[in-house]
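S.K.: Going by our numbering, the letters in the sequence shown line up with residues 226 to 335, in that order.
Hint data in this document are derived by calculation from the structure and do not stem from the laboratory. Warning: the hint list may mix true and false statements.
[To be verified] Straight line, CA to CA, 25 Å or less: simulated SDA-like cross-link-like pairs of lysine to any residue: (1) K286 - S257; (2) K286 - R311; (3) K286 - I328; (4) K286 - A307; (5) K286 - Q268; (6) K286 - S272; (7) K286 - T276; (8) K286 - P318; (9) K286 - F308; (10) K286 - C314; (11) K286 - M320; (12) K286 - L275; (13) K286 - A233; (14) K286 - E238; (15) K286 - G303; (16) K286 - P323; (17) K286 - N269; (18) K286 - E242; (19) K286 - Q259; (20) K286 - G258; (21) K286 - L264; (22) K286 - L256; (23) K286 - Q322; (24) K286 - D326; (25) K286 - T239.
Source: prediction; values computed, not measured.
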Amino acid sequence: MLATTAFAALSQETRLEVLMLLIRSGREGMLSGQLSEALAVRQNTMSANLTVLLNAGLVRKQREGRAIRYFADFDALGRLLAFLMRDCCGGQPEMCQPVIDAIACPGGPR
226 MLATTAFAAL SQETRLEVLM LLIRSGREGM LSGQLSEALA VRQNTMSANL
276 TVLLNAGLVR KQREGRAIRY FADFDALGRL LAFLMRDCCG GQPEMCQPVI
326 DAIACPGGPR
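Based on the sequences and whatever the hints tell you, model everything.
M.R.: This is the structure we're talking about:
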């Protein structure tokens with residue numbers, strides 16, 4: 226995944242909202258129709274936005290009969306965060322800890 230492609234995909238408000246919904250849905254993911262309904266976006270518009278997110282490598286999909294379920298690609302999101310934080314804090318890891326704490330799941334391993 227190229228960071229510039231990911232950021233370009235997320236520069237549009239609806240796509241950013243879709244990704245945030247998918248992140249919150251975790252392993253359950255969401256059907257494309259659920260995403261359209263939750264954001265009050267027409268299905269064809271949602272489909273176009275999901276295609277951009279798929280092409281950017283930020284989401285993945287799984288066919289369920291006639292429906293398609295979408296998921297945030299947490300591995301790709303982790304790589305994007307690692308890219309952003311790679312040279313963090315000029316060799317002072319304690320400066321990065323507040324960022325790490327802010328993105329860690331509550332109750333998860335630290």
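S.K.: All the hints need checking, so say for each whether the structure fits it.
M.R.: Hint check results:
| no. | hint | result |
| --- | --- | --- |
| 1 | K286 - S257 | holds, 10 Å |
| 2 | K286 - R311 | violated, 29 Å |
| 3 | K286 - I328 | holds, 24 Å |
| 4 | K286 - A307 | holds, 23 Å |
| 5 | K286 - Q268 | holds, 16 Å |
| 6 | K286 - S272 | holds, 12 Å |
| 7 | K286 - T276 | holds, 10 Å |
| 8 | K286 - P318 | violated, 36 Å |
| 9 | K286 - F308 | holds, 24 Å |
| 10 | K286 - C314 | violated, 36 Å |
| 11 | K286 - M320 | violated, 36 Å |
| 12 | K286 - L275 | holds, 9 Å |
| 13 | K286 - A233 | holds, 20 Å |
| 14 | K286 - E238 | holds, 21 Å |
| 15 | K286 - G303 | holds, 18 Å |
| 16 | K286 - P323 | violated, 32 Å |
| 17 | K286 - N269 | holds, 16 Å |
| 18 | K286 - E242 | holds, 17 Å |
| 19 | K286 - Q259 | holds, 14 Å |
| 20 | K286 - G258 | holds, 13 Å |
| 21 | K286 - L264 | holds, 19 Å |
| 22 | K286 - L256 | holds, 9 Å |
| 23 | K286 - Q322 | violated, 33 Å |
| 24 | K286 - D326 | violated, 29 Å |
| 25 | K286 - T239 | holds, 18 Å |
Consistency note: the structure conflicts with the earlier hints numbered 2, 8, 10, 11, 16, 23 and 24.
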